[in-house]
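Protein chains: 8
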Amino acid sequence: MIRNLTTLLEKVRGGEVSVEEALEQLKRLPYENLDFARLDHHRALRQGFPEVVFCQGKTPEQVACLVDRLVACHDRVLATRATPLVYAAVRTEVAEAVYHEVARLIVVDREPERAKQPGVLVVTGGTSDIPVAEEAAITAEVMGNQVERLYDVGVAGLHRLLDQSEALMRARVVVVVAGMEGALASVVGGLVAAPVIAVPTSVGYGASFGGLAALLAMLNSCASGVAVVNIDNGFGAGYLAGMINLIT
Amino acid sequence: MIRNLTTLLEKVRGGEVSVEEALEQLKRLPYENLDFARLDHHRALRQGFPEVVFCQGKTPEQVACLVDRLVACHDRVLATRATPLVYAAVRTEVAEAVYHEVARLIVVDREPERAKQPGVLVVTGGTSDIPVAEEAAITAEVMGNQVERLYDVGVAGLHRLLDQSEALMRARVVVVVAGMEGALASVVGGLVAAPVIAVPTSVGYGASFGGLAALLAMLNSCASGVAVVNIDNGFGAGYLAGMINLIT
Amino acid sequence: MIRNLTTLLEKVRGGEVSVEEALEQLKRLPYENLDFARLDHHRALRQGFPEVVFCQGKTPEQVACLVDRLVACHDRVLATRATPLVYAAVRTEVAEAVYHEVARLIVVDREPERAKQPGVLVVTGGTSDIPVAEEAAITAEVMGNQVERLYDVGVAGLHRLLDQSEALMRARVVVVVAGMEGALASVVGGLVAAPVIAVPTSVGYGASFGGLAALLAMLNSCASGVAVVNIDNGFGAGYLAGMINLIT
Amino acid sequence: MIRNLTTLLEKVRGGEVSVEEALEQLKRLPYENLDFARLDHHRALRQGFPEVVFCQGKTPEQVACLVDRLVACHDRVLATRATPLVYAAVRTEVAEAVYHEVARLIVVDREPERAKQPGVLVVTGGTSDIPVAEEAAITAEVMGNQVERLYDVGVAGLHRLLDQSEALMRARVVVVVAGMEGALASVVGGLVAAPVIAVPTSVGYGASFGGLAALLAMLNSCASGVAVVNIDNGFGAGYLAGMINLIT
Amino acid sequence: MIRNLTTLLEKVRGGEVSVEEALEQLKRLPYENLDFARLDHHRALRQGFPEVVFCQGKTPEQVACLVDRLVACHDRVLATRATPLVYAAVRTEVAEAVYHEVARLIVVDREPERAKQPGVLVVTGGTSDIPVAEEAAITAEVMGNQVERLYDVGVAGLHRLLDQSEALMRARVVVVVAGMEGALASVVGGLVAAPVIAVPTSVGYGASFGGLAALLAMLNSCASGVAVVNIDNGFGAGYLAGMINLIT
Amino acid sequence: MIRNLTTLLEKVRGGEVSVEEALEQLKRLPYENLDFARLDHHRALRQGFPEVVFCQGKTPEQVACLVDRLVACHDRVLATRATPLVYAAVRTEVAEAVYHEVARLIVVDREPERAKQPGVLVVTGGTSDIPVAEEAAITAEVMGNQVERLYDVGVAGLHRLLDQSEALMRARVVVVVAGMEGALASVVGGLVAAPVIAVPTSVGYGASFGGLAALLAMLNSCASGVAVVNIDNGFGAGYLAGMINLIT
Amino acid sequence: MIRNLTTLLEKVRGGEVSVEEALEQLKRLPYENLDFARLDHHRALRQGFPEVVFCQGKTPEQVACLVDRLVACHDRVLATRATPLVYAAVRTEVAEAVYHEVARLIVVDREPERAKQPGVLVVTGGTSDIPVAEEAAITAEVMGNQVERLYDVGVAGLHRLLDQSEALMRARVVVVVAGMEGALASVVGGLVAAPVIAVPTSVGYGASFGGLAALLAMLNSCASGVAVVNIDNGFGAGYLAGMINLIT
Amino acid sequence: MIRNLTTLLEKVRGGEVSVEEALEQLKRLPYENLDFARLDHHRALRQGFPEVVFCQGKTPEQVACLVDRLVACHDRVLATRATPLVYAAVRTEVAEAVYHEVARLIVVDREPERAKQPGVLVVTGGTSDIPVAEEAAITAEVMGNQVERLYDVGVAGLHRLLDQSEALMRARVVVVVAGMEGALASVVGGLVAAPVIAVPTSVGYGASFGGLAALLAMLNSCASGVAVVNIDNGFGAGYLAGMINLIT
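Protein chains in written order, with the numbering used here: chain A, 12 to 259; chain B, 12 to 259; chain C, 12 to 259; chain D, 12 to 259; chain E, 12 to 259; chain F, 12 to 259; chain G, 12 to 259; chain H, 12 to 259.
If you're looking for bench data, these hints aren't it; they were derived computationally from the structure. Treat each hint with caution, since some may be false.
Said to hold, decoys possible - Going by beta-carbon spacing under 8 Å, a handful of chain G positions derived as facing chain H:
id, residue
1, Glu27
2, Arg49
3, Arg54
4, Pro71
5, Glu72
6, Gln73
7, Arg80
8, Val82
9, Cys84
10, His85
11, Gly222
Bear in mind that the values here come from a model prediction, so they are computed numbers and not experimental data. Ideal Cβ positions, reconstructed from N, Cα and C, are used throughout, including at glycine.
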């Protein structure tokens, strides 16, 4: 940002750019005003990945429009919490869009063959946690990470997890997805040397209070090196894990 | 109220009004008993705007009846949280009623050409907050305010907001509508010199707990000059903002 | 109770007991009215252990009086949540009373040499959970159980627990005492074949909300065979564990 | 576990098993990887009862597959929270599966004639608590317990409970199922000498907050010997009660 | 109020009272402005008992001043939540003030010999609930009720309560004071034909959350005829019970 | 109860009743075991009104069966929270059953002409609170009370309430039904000399949290003489108000 | 901001300012880095009032240092939540600082004689709410507003409030400060035509949960034109009210 | 772990180690049983940093003993939440221990000159957040990271943060420490391309509910790449940030 500003100021000094033009440019950082939304194209420059479309609360038409505009500028586009209906609308506009039903993700990736960075491991406590885990895993994959999956290794049968210690040790960053009491985050956090991103899920009933029990448990983890994202936020965990794994 | 009482008492002294009549008048402050409701016609005198119909929990017939009676006495009538079904019932009784679908508002305005007072700005964090924002904006407009809209300028892409500083500086009162973490209220509150009415929305999932996260965040705003209304209460924010903007 | 009633009725029929006397006896099931308390001496008959004095909210004098009366009827007396001040008052009345400072228990046991039933294991996640664990352990011991202790085996260093699998397998009933995320209950519950009584503790800070996080986690345990008592309720867990271990 | 390890190590020493084979065996403790789940066959050895299938959040096909695999290894299989749809899918695979509609349980029991251990009593406050109570009762029965039922004996008409004191006294372990204020757990806990497993139910409205009121009440029981499981967790209570009743 | 107004209007008509004077009188309903407080002397007329001083959050001097002014107009004065310090200040001003230490009440009663209406019964679950119960009992007594007390009859030893059925049957209104799980309200509510005013207390620990558990339990009582006041609000319960008992 | 016992014992002494028979009678206090329910016929003796059927969570057949059995013993029967479907089932069994749709009550009253005791006033804040208010009003009427209704007099237009001060003053007991902020209970409580039973309703949205806001407000009422029942519990309030109004 | 930027750019073009200098200036918007704090001197320009010091969580020395620096640049300085200890430290540095003990405010005002804008009214429910109300009132006064106070007019004695309708009608903006059930905000909101800023206070006990009851009530106000600030946030309410009253 | 096992098995095969010895070794993974604690020396191998002592809830003697044993095996030792009293006890045993008062950390570092990895940035919203921030910063430094600090850049004066964009852009991982509404996490998360570890603090009052408001806000951040640790858990954030920054 400072560099852009320097260049601009030099052009102003050199008379190549008028004061009025410079003001306009300073105002028009790259975003696109679609009336119902302001697409942050600048995000790809700023953070290395374009703005992700959160479909919930938007009409299929709005999502289709947003994906269409993003595809015009970026090689990879991601839309989360997409229903089949939303996907139908998107596909009409963007034929190459792919739908991952379990993960509720729409993905456009024009360079799917890019080399992937190994190191992300996604772990779940149970079978019901898989949709959230897949959202995390595919998100990280789209970002350029290679993802290992280790599902249904909850603490009630600890040997299923201990048995996979090689995968655990191999990981550079681990996403732990668990509902109910969320104990898996602490157990994994105590076994690995890698950062753990914990995702509480709303799997459970009664005093799980929609994932609150797992959320609180994970926030209070007695293991060091564990941080938490929102309940059922597979995307957030996958994004952060992918980001960490891509640090060079 | 004191003036009315003085007049009445003077008439009682002058014998123009009997004690019994005076008692009756003192009892009958202007409201209308519709059996299922007591319409507060006096409110227009007391507060400058007639009673607003909150449709939720009322049958379409009840709403239609209430709007009909209000229209008989007032130039402007507002009904909030109206479904299309409610509107259908109202329209049968009051042909001139207009429905704003996104905002779920029914409006009767017999003097739509009245001059509007500029100064209200309505801002949203995201696209999904627009229904609540429109409820606020149209409410303020019906009251006689001119409303500017600035939608989808959430804090994850701050330049979209900073880019609009002129609109922010121009406002005499700002309504900030945001879900999730509700941070936009504090950021706007720190930028403007005008009062900020913050509306938390139920947009979000998991630990947003139906808007609780945004509500608490807005109540704890580190910026001065911010007050908060109920979750998703676009009407309340628009009404208060309109009221502030009309102070002379 | 039915047997007592039968006897009484037979005596009434036989004329040994008058109707008035029978009514009096039916009223006077064995409890003692001390004005500020009604001591339930009957409990020892009904439940096998006399009423336990909960010291919190009582004056030292009240506790001393209650212990004194209980000692008059029973061989074993237990008072929980006792401060040193309370103990001082009790000791003045009942010289043989013993104080367990860490566990905050006052114990009178006139038959300490009775044979103990092995089978109770008390486990803690951390060092700070020990006071609650000791309350559980000593309670079970006073009831006639032999108690094994396994402290500071929290899930962040799982090998400390796995290393003790013999003790775990040997137990007939396990009390798990843990604060923070309370994951230990699930891990132990998944390893043992015995009933697990889980005690959340208020050890932790922030989002542990005084033990709520551990409580919810334990209630949502994915392991079968786990039940939970109140936060910091070492007595309750020890009592129940002791009761289960003494079932014949 | 220690014994298996000893045998293995002796075979390694004796050359019967190579180091590589031993490593493999140490890794493959008996569980079955079904891709979407890892079936813990080892649990039957470790805890005396095979892994129970929690149907909620799983597709009917996944449940059918899991039951099928469990039936291949075990004489008794239990699936909880099963809808009629899930049962239809299971029955296609496992003809002998029985559905208990009120309790929402699928049971496969190849040795239904085994002798049952008397001693479990299941009590409810009201009629609406019966589904949870049946889940508890049938679970305990499948485990080999004989279960007595005492339904609709809530504290508002105490004589209905007191009238059944013989059943209460006979029980070796009592499951108390109650919604609303959950007072029944304390009342029963004060009458019996047996452990009480309390199950709060979501029966109620308003400030019952989905069973929270009963849950908190039961956790704060003034009676000794009461522990609590999750709201509506009939299975958990029945399992624990059955486990306690089978202790020898 | 209507009668006063009639008289006033007749005097206005008759010229005995000028319009200005009438306006003044209409403004000056009897309260006294003490700068830091507006004493509602009118309350004694309106509700039969003068305004009660809630001492918490007021300085001893403020309380003393308020009691002094009330004593000037009324025969009976009550101040709640009074510390010994507050009493010392009050006594300097009002020598006849009496302090009930356990109940934390200051009472001035110039006609203590008035005949009392029998019918109020105050019941507690435990010894620690007595301060709240005494606040209720003395409040009702000052109002002119005769109060019976039945303390420490919690549901863990039900015979202590059942034994007192005569007192229960005799009562015209019952105040039930209980902490922990608050089950006593339901049990009493199921036994008596009289209205029950339930007072949850903050007695308990852990998941009692300062009386929340008892509050929720009492609100969800399965017995009919039970209403609830705030946690530890002995005054409120005693006042309401006294009011009900004095209905003629 | 004591009297019955006396008579029984005298008969035992006189030989009219054998010990075995007496035991049987002592056991069989009048309730009826319907397998899925134990009907408390004794309640009418004990509390003056027969057991009320709470329909929620029961099948239409169960409700029909219960009403049928109650009608066999009692002149008045009440079933709450009844859907039209439930009523259809009841009507098949009990032709004289009447359905109050707004109040969701089923009433059987064989002596509808009995004289009613005037004195109960039911007040609501808004139109949406009427279903709960009607549940209260009809309940009190069935019990033998004459009920006045005062609907939609919420505090936002205070003159609607003040205008009705005669009705307020006339009442011997007032039921206040209000949602949102529940302020009406305090305002009415400050105006009347009668006991106020406050019913919070779930009318509202956002931070009303299903009636929690109104519930907490009513529990914290600064007016004396106010007690609270569960959210939306019109039955409970009407029952208690009716009971108070019938005290002689 | 745009104007400054224009000037700067013109100077850059004109060669008066080098690119490096311009970059430096763009970086140095007026704030002062004190190591432990960054004083936002720019706020006075941006928002019309300098940064206010929130003393809680700062050492007396830190506060004194901050006030000292602010006084160097501004005519009016405000520090909130100041203890006497903090004031002692401030006074050592800034002799002219004045301490308002009840309001816990430190004020430096070098132009106290400036004309004040009438129109702010501060109302409290009780005497215990006065400290919060004074914080609001003095804050608004320091900003240049004339403030009327109306204390202890809670809804339990409504005539105290109705009696003051002239003051209510005169106000251009009203601050309502109330604890317990917070009903005063709705009642005032229904009476006045001015915006109402509601401040819930932590005055109360039990189910007031530290002000939560009043907060929720105020957020759910059925009166239009009410917004809410944080519990006990007198400063925030006074600041916003003052800001609204100064709008021209 | 697998490698150690291989070696061991080879030795068993070779007869160098007997079966009994092997079993012993398999049991004795390196931890030290101190009776009140089991020191997990293995953690340094497993996770690259030795077990950290959490002082809260431990006696000074216990902490001193633990630090002493850790120092015997490791070059760096960290104890968190240490009071001056605890430090005094530690220093008696371990003379080289250093106390960071603001951060409440005790540090022993025998190789303080080791090269540090740049890349960690710690940011706070206010001055009161500094203790938590210092706990994070020093923790990361002890682990071998170079830490930049940016304090008091809360969103109410956004230019203070925007001014530091170079520091933000330079960071490889950012720790954001903020109380009140916690908006800073989202704003920073929207500006940087690095992972953000957010730490809510308990700074605030009223509806901050001890940090809950900030916690919920951070969990609901609309910016991608943000994860959250427990309230006031500076250590946890610093540890995780340090771990991420050291990934190679």
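Broken hints, by number: Those not satisfied are hints 1, 4, 5, 7, 8, 9, 10.
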